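The two chains are supplied separately, each in an independent frame; assemble them into the complex guided by the hints.
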Amino acid sequence: MEVILAIVIGALYAAGLYMMMRRSFVKLVIGLSLLGYASSLLIFTVNGVTRGQPPLVQEGMTQPVEPFADPLPQALILTAIVIGFGVQAFALVLFKRTYQSANTDDLDGIKSTEESGKVRSPEMT
Amino acid sequence: MFVAVLAGFAAALIVPWLHGRVGDRSGWLVALVPLGLTIYLGTQLNGIANGETVGATSEWVPSLGVDLAFHLDGLSLLFALIITSIGTLVIIYGGGYLKGDPLLGRFYAYILIFMGAMLGVVLANNLITLFVFWELTSISSYLLIGFKHDKADSRQSALQALLVTGSGGLALLGGLVLLGHVAGTNTISALAAQGNLIRDDGLYGAILILVLLGAFTKSAQFPFHFWLPGAMAAPTPVSAYLHSATMVKAGIYLLARLQPVLGGTDAWQIALTGVGAATMTMGAFIAWRQTDLKRILAYSTVSALGMLVLLLGMGTEYAVKAAITLLLAHSLYKGALFLVAGSLDHETGTRDVALMGGLWRKMPWTGTAALVVAASMAGIVPLFGFISKEVFYKAAYDAPDAAAVLTGLVVFSSVLLVAAAGLVSLKPFLGTTGRTPQSPHEAPLSMTLGPLLLAGLSVGFGIVPGPVTDYVVKGATQAALNDTSAKVELVLWPGINTVLLLSFLTIIAGLGVYAGRKPLQRRVGWLDAGERIGPARAYRALLDGMLWLADRQTRILQNGYLRVYLITIVTVTTGLVGYTLLAQTDLDGALRSPDVRVYELLIAGVILAATLAVTQAQSRLAAVAALGTVGYGIALLYILFGAPDLAMTQFAIETLTVLLFVLVIYRLPRFGRISSPVVRVRDATIAISAGAMMTLLVLIVTADPARTGLTSYFAENSVTEAKGRNIVNVILVDFRALDTLGEIVVLAVAAAGVYSLLKLRPDREIRNRVSAPRSTVEMNAVSEDRIEDHITELTP
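These protein sequence lines map, in sequence, to chains X and E. With the first letter of the first sequence counted as 1, position 78 gets the number 78 in the numbering used here; the numbers rise by one all the way through. With the first letter of the second sequence counted as 1, position 624 gets the number 624 in the numbering used here; the numbers rise by one all the way through.
So here's chain E without its partners, still in its complex pose (with noise of 0.2 angstroms):
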């Protein structure tokens, strides 16, 4: 089973390779990866349809409960089941239609990427490993939206996609890990047994939210729905696939799932069914007014993802069983009809379906297939879509709630589907000649073979319910209400009754609305308004001011001014540190008296002295001056209090420090006062809170001194280990001698700077010296001249 769901990933490698080497007719090699798992599943139907299940697990995670853990019951089966044939045929299709396009290679990649992810949804047995996979087919969504990477819509698109179904994501892995949490297990196998105590628990709310954000935005429930017409500019066979056979699925198969465990209750009733029922109907009502022939079936395939949203809600077990059934019988219908909408395009160069008619006659494959699987969507006798929209009707028809106004809103989505379907068959095939752009002919067999055989399964399913029922939808039926004694029959002709009755009236209805379209269209033009105010721009309102908000905080935050930064970093530290202190500390030890004596008053008052004269001082030299004096004094605190190599060492650097100042810094004007008082209150006002802060520091910890077992350990090894009576010198050159390599090493790399700066002389500086040696006087005039009143006079 490893194999099976890693079998993709590992194809992704060296397809790219592999199609270099063949050519255009790769597509029929790479479908074999997609066409053998298709095959291995196909072995596993009789052991499923007995009750049996499959399963595989390695330990990833083991300590979070994290496996890598795969299970195949009947839902999994079905899903999988379509993932992979449909995979194949795209594939086949996909090699057709991108012939010839250079990164046709880069195509098979993320499609069979895309094919392991969703794989791995459908298979896992773990939350985390079915989210791990969820969000692979995201990315994979996104790559292959973005196909065309050149065309600006394309990426916008696929960004799109990936933000709403990735904060969905991001959604779904809360509610999972709640979910595991109040389970006690993330296996979700066993999830189904802790059902009543999870829909007991006060987390459940909170679960349920969580994991439905992640479905609905995934499977484009509404208000998340605006994504999946966007991503209608991947290339079709990728729609085809994944925006509308699996991946926008893959929500309804976590709601399927979790049914037994989330389900049942009147929340997830009322969510779902609301939810689905919006989505249904708005769908619907777009889909029937477009004219693009993929944004029909984008919004077709919206409508259809509420209904099964909507079966699901109403969980009874012909609600389920209906589910599975229109489930399939969508994917068959609707990747065909998205194929034939690829070829269409293909052929004429249009997707305008105004601009067709007539093509049966030059296409006449590809038209067979369509009006078949369009037949299937409108729910025509004798197609599986009929059997689908029987027990559809008849689910909603019992409803245990609403069942009237369930109904009527089926019964209406429906009728605008039927119109659609028309639309995207009746229209480009039958009837005049169109006006396309392209003169067209038949597409290759690589592209008719998809829809061909999708319609043949419509047409098979439908006339022999029996087969498939057996080995598919009643497995994956019992499979999602854990129920194994659920009893699961389709059949074609149930007899006259209400629901036939409500279908024959639907599909009459539908025609004259086909036929009536343009009229109709514009009676309900006005609600067009409706859809710019709709989420979409939502959405783009939220990402404008996301990024608003983030090129102003970086404006406020990152402003390039170091005092700035500084006064941020300050304030808060000061902030937080001296609540802390103030708040959590005993403030008595601290406020001892103190044991000073005078010749250390004095020299304290001497450096607080120099320290105000440094930041007073109107004069470089001044400052600098009275930097040393701080500098010296600090040195007399070193001998004061045990320290004679630190004085030795301070009173070295304090002279070189001087002199250097002076050297550098002689022949400048002096400084003047550049900001405002009022800014230079609030800068002394930031910088003495924070100097009280750490006073307020120092008090606090030295009120309870700690000698740390380090200097004890030198105290008594530096004579006998280190040979050596002064111990700052031992632990310098000998216990810690590395670290003052590294010292030595900054000096030299200080030093090599210093000096490389100052032989620096770029071109004009040289020039510059030669032609006009600098005065005082010149530098003078210059100085005004720039910086104005900043600088006001010369140092002597």
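One chain only, chain X, in its complex shape (with noise of 0.2 angstroms):
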């Protein structure tokens, strides 16, 4: 079962990458999310998986009954996921702003601040 997991890993890193690799801004952030995903997964894959038992002890016992998914992963990718969300809003917001002032998608367009200070400078008038 981990293979068909191997290759969904490697899918997601390849369109992370590909993605990221984009001049688009958005795609760029796409890109991050998906490099998300694939390292929440990989997290999530390297020390095996156990299908259907998660990490619960039952009433009444002190442990859980092996097999069990293993737990510390997990608590990592929570971690991950959230905080990735936050990276990813910021991400979103900056690139609302930069549009409003650059008035443009393309990363090559925002090279600097003085340049996206010229563009706009026409439609002020």
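Treat the hints as calculated values from the structure; they're not laboratory data. Computed from a prediction, not measured in an experiment: that's the story for all the values here. Incorrect hints may appear among the rest.
[As the list claims (entries may be wrong)] Computed footprint of chain E on chain X, listed as stretches where at least three residues anywhere in the stretch have a Cβ under 8 angstroms from a Cβ of chain E:
#1 1-15
#2 34-41
#3 44-54
#4 78-87
By construction, the Cβ of each residue, glycine as well, lies at the ideal position given by its N, Cα and C atoms.
In structure tokens:
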């Protein structure tokens, strides 16, 4: 079953990196998202996975019944997902502001603040 | 002894303050430091002459055999005395020379640092200690050459000197480390006993080359000599001290010190004799054709340094004695001549000897000193320079190999140096009055004291050579030979012999060259072309080339395009990790038969399809929808593999993400394809390779999973210690609660960032909003105008 996860991880990394190499800002943010999924799944998978056995301790017992899924990567991924969301939200809003001043989604078009100022000046009149 | 070495550094800390308090005459006060050290060293003379040595050791990095160790023997004492005594005179002189200069306090500090460093070099008894002080002399030399830091050529010359001596220093470090490794000790005084072992070792060649590189760069040997004339940008007292009497002799010291360790082989002899003879001849040949006082002296110093290397290369007992004698004589007369040159510059406002003449009447003390020391330089009876030239000639005459060639070159160089000596003494002080920019008068006492004292010593050592031989030259020679039985005697008048005849011929020929210098200079003027393609040019080309390379590689590597950085990182990582995986791991386990269920395959298929859709989407909305599908697919995988908490979080976050994307980008035009198909194929190839590498990595790693001890710890203690049944939750809020707090802080910071970005309203935007509320139509017009065909149509 790790084989199928390995393929999904590979595909997600490939797609994420490909999107990050685009010139579009939005595609960069989407690429970052994909890379986040890929990394979460990687952490989830590398130590092996267990089908349908969440790391929960049954009532009346002090330890979970073997086999159970490894709780440690899950804790790490939970953190990663939430922080990833924070980064994504920030990147998106940053993009929105950039777009408003530079009027372009092309990363090559927003090289410096001076240039974006020049771009906007005719519009102000 | 520690006090002696560290006194200079300590004094350097307070002299700028002291100078501020005392004012113009501070030089006399500061000079008490080196004077005290001279007296201390003077008290050691008797003991050292009787073969005693003084040492002091303090552990520094004992595990690496690095000690702060000092050792005083005859050779160290000679150098140390030159350093402190000339240091005293130079500091007094500098006080007069730079009188009124706002940076005079700094000058004293630099000079004292240099003096401390130089004492460290000649007293060090540990190879690494020696290296540390060696580098300190390079650095203080850099500071002193660049003392007039507002002048571009000062800075350039300082940098050149630093780069040349610094790269030599690097080679030296390599050589010293190898030397310590082979000898099994870093203690210099213990090296001589290992001489045979080191000379027979396979690393001997490498050690020799590296050490010689260090010594030759420091002592301005051909082809590294060019930095020394450049270093004349320094104030003249600095030139007198560092670039004539002491620092440039550090290389000579090192060679003399290591002579018993590395010397005696053919390689040593050929390298030193060859380089020394070349430097001697070239320096002398350039010196007499200059008109700038300091350049004449600089090239004649280069020539003298060549003579010293040549003598050490011959390696016979007599040659080493000649080297020590010449070294002492040279420090006396050349130091004095530099000081005289400084006084002339100071009083007349020029350094061009062609403009000077008849100054003896105006500056009798300086003139007297100059004529005496120049006579010593020319080797005229009864000065110390005469004695040193006698022994030098005899050493060359009796050289073990190629005596005729060497004697010829030595005489040729000496003839030219006699002419150079005439140029810096006869020309300015005698003859008709020159046309100098300033009307000269005698220099103050602080500036005549040094030259006069050094001239006095040149006369005294010459007429009565006995004491200086017994107390200084003998001990130094024996230490350099590592042979306490070596017989060392100097006499003023050895009687009529071939060598004496050569001496007289030299003086007469030298005076002839001096008298006929103008036509002679014209005859050899075409040789100047050689200088233009010399090593100085190679240095500049090398430096420019390095800067060009740095500029180019920065442009390529730091080009400001995120995707290029990414491509570089990803390609390199994929290449290296992929190669390692394929070459060094067993792939059989990885390519095991998959244990897959249909619904897992289905979910995976959906994820893969959605991922492909993300990359190919023509509109943002479609891309975001596909991205959401990928996220939900992954959440399903989490459910299947026992991670309900992850799945719930993923569902929630995914929904929020999609909403956020739609809210932010809904009103923006859809994306076009900016890059060309070729670029897309290139990127896709790189990305897919990286993805394949990751797949392979996961396959290999999961073939042999290993549970950490942490997992069982959490499983056992979740209920008993933390009273929680959901282990993931317990880890987050209990075992690793601090991490979760950190996570919350990160989210809070991100939220603050988002909020402030949304609220940010630059002035012009507010005006813009008021005067022209944006419509999609307007935006489209602007977009088409600015971004041309990148944005093709508006999203609905």
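Hint-by-hint comparison with the structure:
| no. | hint | in the structure |
| --- | --- | --- |
| 1 | 1-15 | holds (count 15) |
| 2 | 34-41 | holds (count 5) |
| 3 | 44-54 | holds (count 11) |
| 4 | 78-87 | holds (count 9) |
In the structure shown, no violation is registered for any of the earlier numbered hints.
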